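Visitor: Spelled out, the chains give:
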Amino acid sequence: MRKTVIKNLVMVALLGMIMPATGFAADTIKIGVAGPHTGDLAPYGIPTKEAAEMVAAQVNAAGGVLGMQIEVLPMDDQCKPEIATNAATKLVSLDVDVVIGHVCSGATKAAMGIYKEAKIIAVSPSATNPPLTQSGDYPNFYRTIAPDDDQGKLASDFATDKLGAKRIAILHDKGDYGKGFADFAKQFIEAGGKAEVVLFEGVTPGAMDYSAVVQKVRREKADAVIFGGYHPEASKLVSQMNKKRMKIPFIGPDGVKGNGFLEIAGKDAEGVYATGPMDVSDYAVNQKAKADYTSKYGKEPGTFFDQGYAAMQVILNAIEVAGGTEYAALEKALKSSYVDTAVGKIKFDAKGDAEGVGFSVFQVQDGKFVELN
Amino acid sequence: MEYFLELSSSGLVRGSIYALIALGYTMVYGIIQLINFAHGEIYMIGAFVALIVSGVLTIYGFSGISILILAALIAVIYAAAYGYTLEKIAYRPLRNAPRLSPLISAIGMSLFLQNYVLLAQTPDFLRFPALIPDFEFMEPIAHIMGSPELVIVVTSAVSMVGLTVLIKYTRIGKAMRATQQDMTMARLVGVNVDNVISMTFIIGSVLAAIGGVLVGSYIGQINFYIGFMAGVKAFTAAVLGGIGNIPGAVLGALVLGLTEAYAAGYISSAYEDVFAFGVLVLILIFRPSGLLGKAVKQKV
Amino acid sequence: MVDNIKRSLLVALWFVFLTFPLMVVKVNTLKNIVEWRWINMLWVAIGSFVLSIVWRWAMERRQLKSKKAEQGEEESVKPGFGQRLLEDPKIFKPVLIVLALVTLVFPLVVDIYQANIMVLALIFVVLGLGLNVTVGLAGLLDLGYVAFFAVGAYTYGVLNSFFGFGFWISLPLGGLMGALFGIVLGFPILRLRGDYLAIVTLGFGSIAKIVIENWEEVFNGAKGIANIPRPGFFGAEMSIHTATTYTYYIMILMVLFAIFITNRLKDSRVGRAWMALREDEIACVAMGVDMARTKLSAYAFGAFWAGLAGVIFASRNTYINPNSFTFMESALVLSIVVMGGMGSIIGVIIAALVLILMPEYLRAFSEYRMLMFGAVMVLMMIFRPEGLIANVRRKYAGRKVVTEDANA
Chain A
6 MRKTVIKNLV
16 MVALLGMIMP
26 ATGFAADTIK
36 IGVAGPHTGD
46 LAPYGIPTKE
56 AAEMVAAQVN
66 AAGGVLGMQI
76 EVLPMDDQCK
86 PEIATNAATK
96 LVSLDVDVVI
106 GHVCSGATKA
116 AMGIYKEAKI
126 IAVSPSATNP
136 PLTQSGDYPN
146 FYRTIAPDDD
156 QGKLASDFAT
166 DKLGAKRIAI
176 LHDKGDYGKG
186 FADFAKQFIE
196 AGGKAEVVLF
206 EGVTPGAMDY
216 SAVVQKVRRE
226 KADAVIFGGY
236 HPEASKLVSQ
246 MNKKRMKIPF
256 IGPDGVKGNG
266 FLEIAGKDAE
276 GVYATGPMDV
286 SDYAVNQKAK
296 ADYTSKYGKE
306 PGTFFDQGYA
316 AMQVILNAIE
326 VAGGTEYAAL
336 EKALKSSYVD
346 TAVGKIKFDA
356 KGDAEGVGFS
366 VFQVQDGKFV
376 ELN
Chain B
1245 MEYFLELSSS
1255 GLVRGSIYAL
1265 IALGYTMVYG
1275 IIQLINFAHG
1285 EIYMIGAFVA
1295 LIVSGVLTIY
1305 GFSGISILIL
1315 AALIAVIYAA
1325 AYGYTLEKIA
1335 YRPLRNAPRL
1345 SPLISAIGMS
1355 LFLQNYVLLA
1365 QTPDFLRFPA
1375 LIPDFEFMEP
1385 IAHIMGSPEL
1395 VIVVTSAVSM
1405 VGLTVLIKYT
1415 RIGKAMRATQ
1425 QDMTMARLVG
1435 VNVDNVISMT
1445 FIIGSVLAAI
1455 GGVLVGSYIG
1465 QINFYIGFMA
1475 GVKAFTAAVL
1485 GGIGNIPGAV
1495 LGALVLGLTE
1505 AYAAGYISSA
1515 YEDVFAFGVL
1525 VLILIFRPSG
1535 LLGKAVKQKV
Chain C
1415 MVDNIKRSLL
1425 VALWFVFLTF
1435 PLMVVKVNTL
1445 KNIVEWRWIN
1455 MLWVAIGSFV
1465 LSIVWRWAME
1475 RRQLKSKKAE
1485 QGEEESVKPG
1495 FGQRLLEDPK
1505 IFKPVLIVLA
1515 LVTLVFPLVV
1525 DIYQANIMVL
1535 ALIFVVLGLG
1545 LNVTVGLAGL
1555 LDLGYVAFFA
1565 VGAYTYGVLN
1575 SFFGFGFWIS
1585 LPLGGLMGAL
1595 FGIVLGFPIL
1605 RLRGDYLAIV
1615 TLGFGSIAKI
1625 VIENWEEVFN
1635 GAKGIANIPR
1645 PGFFGAEMSI
1655 HTATTYTYYI
1665 MILMVLFAIF
1675 ITNRLKDSRV
1685 GRAWMALRED
1695 EIACVAMGVD
1705 MARTKLSAYA
1715 FGAFWAGLAG
1725 VIFASRNTYI
1735 NPNSFTFMES
1745 ALVLSIVVMG
1755 GMGSIIGVII
1765 AALVLILMPE
1775 YLRAFSEYRM
1785 LMFGAVMVLM
1795 MIFRPEGLIA
1805 NVRRKYAGRK
1815 VVTEDANA
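Each protein sequence line maps, in turn, to chains A, B and C. Going left to right, the first sequence walks through residues 6 to 378 as the working numbering numbers them. Going left to right, the second sequence walks through residues 1245 to 1544 as the working numbering numbers them. Going left to right, the third sequence walks through residues 1415 to 1822 as the working numbering numbers them.
Since the hints were derived computationally from the structure, they do not count as laboratory data. Mixed in with the good hints, there may be bad ones.
Unchecked claim - Which residues of chain C face chain B? A partial, calculated answer using Cβ under 8 Å:
no., residue
1, L1432
2, P1435
3, A1535
4, A1612
5, I1621
6, E1631
7, V1632
8, M1784
Treat the numbers as computed from the prediction; the structure is a model and nothing was measured. Where is the CB? At the ideal position from N, CA and C, for every residue including glycine.
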């Protein structure tokens, strides 16, 4: 018994090791989609995967790009650097042409070096950490989302100028996305000198409740809350503020601005502000993407769906313009031609940030995000 | 002073939930010395079942209190069924195995159940309806303690009293205590040890599911991952109070909940877990078998 | 047989009931309709029916085997394969030579992906060997082992980003820092036993992560530390592929080093003290073993390897952030030790390779991979509760082989 078990194990292990990268037909374009597809951060990775698969299916049905079929290769990275490098090398050894991802800034930083050497372009739907584009370390990196500093500035300006807040409490979820946004908001408020940051504190995602922190905001007599993080924590905070009968403005980043937030927070969402890409909901491409998704999955798309959808669109467009997947041509195409995407009409600047993704502030009114002017 | 009351109330609420989950940990541990890492997932599944049932009932036109009762009832039944099955599959075959093997099996089960719910339902957070109504009389002090919080504290207290009665005065309670003291001896005097262990899992799961429904309704959102953190904290609470000791688990949970609330309120919520574990280490340094745990004299 | 089928039918019915709300019902809050996915019910019924039959069969075999073992047949007379592998030079030598050859040429014949995941697996082999000292030999259950791993990784990360220290200087420093933390954290918990110890170490693990997350000036918080150099070779420029291959060989050397040291240590004075402590603390202290020193040395020694592995981990990923140091990693390393068979070195190596490489090879199942991973963990424990290779107690000349029942 023991003998056979060991033998089998060895066999399986050996088979696994020598199993060659499964061969694919030559006339396909392979697009890796890397992000967290399992684990606690899966809600932020799966929408992008679904978006990419949807676009691919549609394009393939219409005959593909340059006569080639699109193949989407999802790669789970669990937002962990070590798994991200595994995923990246796996994609490289599968000979992918372009990568969409990764989703978390940290995982992206770990993986970019591998793509850089393999001359693969990566377009992230959600890695907002500014150095990714601004440091110049990652020339093959592009993103369809605005970096943290832009959003932080917008949110802090809005709080001080439009809302006239004097005592602002800044909360964040300690993650690279939320903390990054909160850091910049704090920096801009302090530089602006119009208001004071009375509380700057991290909350633990997944903690049972935030009532203690909410009480603290009340004690500091804050007249506005800026929150860096995603919608589950935001809605938890908002609903607990309501439970504690606190009525002060709550401002979140674009991780909050989405239907996920509206759905979870329900009535508590009323009046909440969020920064986000300029209103694209009456934009035809965006409407179609959402309608397709809803008819396929029977629910509203999740976080970063628009950005993932847009990433897929810019890539396919660039491939078409460049006439192939050659690195330099692709780079030129990404940086030169505007595309109609789910986040607006965009192209990329020299550093890899999207141009044309205007930002504005939204407020929830009657269960919908409405753009404020 | 009011601030202190506010923090105490939020600590009390947290502590009550921890206590409901910790009781399951401590009961199982008392009998088979197993850290049941999958216990948090039972709590999560309880919450999910309640959410699904209440969703279905809302759509079919039920309303108000009937939804709360039916949803809670079905959640409790299902949690019990999951707890029972879990023990039968993952732990019973390991009854005589080395001590750490069931622990690994529990970690595997925890991963399995999380991913099962992720795949069968959704990775997203879901809105949990506020099943607990807002009482008028709580309105003046709602900023300190609202109706859902009151319901949580009261339900936990009632459950704990019920559990104590069950263990002290009923036949199955006696059998449980006997098994806890000496499994072999209990078997010799005719206690069906397997049934007692199953029953322990069922009772623990019922309490966890009650916790799940209450938390879901209070926080307003759940996803497949909520069981993990809750489980770790509840386990910490159980150890803090002296693992295997039922009043200890409740006391430990309250101490933990209040510590977290005060730490978040007076120091920094970013470090609340550091203080929670810090208190644990401090208490264990001075009382190595927990607050109410008895120091076991080792026979040489 | 009929009885078997009847019972399996009942089991299938039970699972249909159990999975009904989660697998069949899905509430669509958007359109306010309920989706009834009846097809899933069918799958659950068929699946659980088949699995139940297989399960029953496997259980019967297991029982048969343990009965045999009880009667002292077979097992004690003819030691299992794992044990023979270690004992019998006729098998041992050729296997070792083949293994050595495979290990040597491995990174040269496979692509970068395989080499890369193998490096990760080898890192976990070292972690497993380290924790094996604390848990397997000294019997101190540690659920926060990842803290020492983080200490090593951040030692390199911080020293490199602030002072420009290279890999080769940081490597021993990482190990020493790990050991230092092992002693510092070991002090307050000397008196704790068993599961109290487990939860306190779990607490230390979480505290380490929170401190890294929040102390931004030093650890750069959630943003993590980027651009950590890969191991250098006299300043030679290397492509990622070459660097990975190079790291692979470093890892192989380190694993051999770890095996050598732990193996030697097992037979040393302190190693025996560890094992004595594990078997019976009171008797051990009564025999004059210094409890504090023995426990602390076990912590320090286990943590030392975690520190070393941490440095390599940082250099392999070139980027570290707190996400890599969660409770899941501690649980993973502990699983490696337990599944390998507490105290057994070969077992730990095999278990580490299986547990780290399995999720990678399960990528074909994409979103189902973690589900399967969990299931495999449970199954492995049920069918091999003593681990893959049960630890063999050293035998002395003239005595019969005694298989330890590992009831630590």
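Visitor: Should the interface hint for E1631 (chain C) be scored as holding, given a Cβ-Cβ cut-off of 8 Å against chain B?
Guide: Violated: closest Cβ of chain B sits about 14 Å from E1631 (chain C), beyond 8 Å.
Visitor: Is the interface hint for A1535 (chain C) satisfied, with its Cβ closer than 8 Å to some Cβ of chain B?
Guide: violated (18 Å)
Visitor: So, L1432 (chain C) near chain B? Judge it on the closest CB pair being under 8 Å.
Guide: Holds, about 6 Å.
Visitor: Given a cut of 8 Å on the nearest C-beta pair, is the interface hint for V1632 (chain C) held or broken against chain B?
Guide: violated (15 Å)
Visitor: Under the criterion of a CB-CB separation shorter than 8 Å, is A1612 (chain C) in contact with chain B as hinted?
Guide: Since chain B brings a Cβ to about 7 Å from A1612 (chain C), closer than 8 Å, the hint holds.
Visitor: Does the closest beta carbon of chain B sit nearer than 8 Å to the beta carbon of I1621 (chain C)?
Guide: holds (5 Å)
Visitor: A closest beta-carbon separation below 8 Å is what the hint needs, so does P1435 (chain C) meet it against chain B?
Guide: Since the shortest Cβ distance to chain B is 5 Å, the answer is holds.
Visitor: Would you settle whether the hint for M1784 (chain C) is holds or violated, based on the nearest Cβ-Cβ distance to chain B being less than 8 Å?
Guide: Cβ of M1784 (chain C) sits 5 Å from chain B, so the hint holds.
Violation of the numbered hints given earlier is confined to hints 3, 6, 7; the remaining hints are satisfied by the structure.
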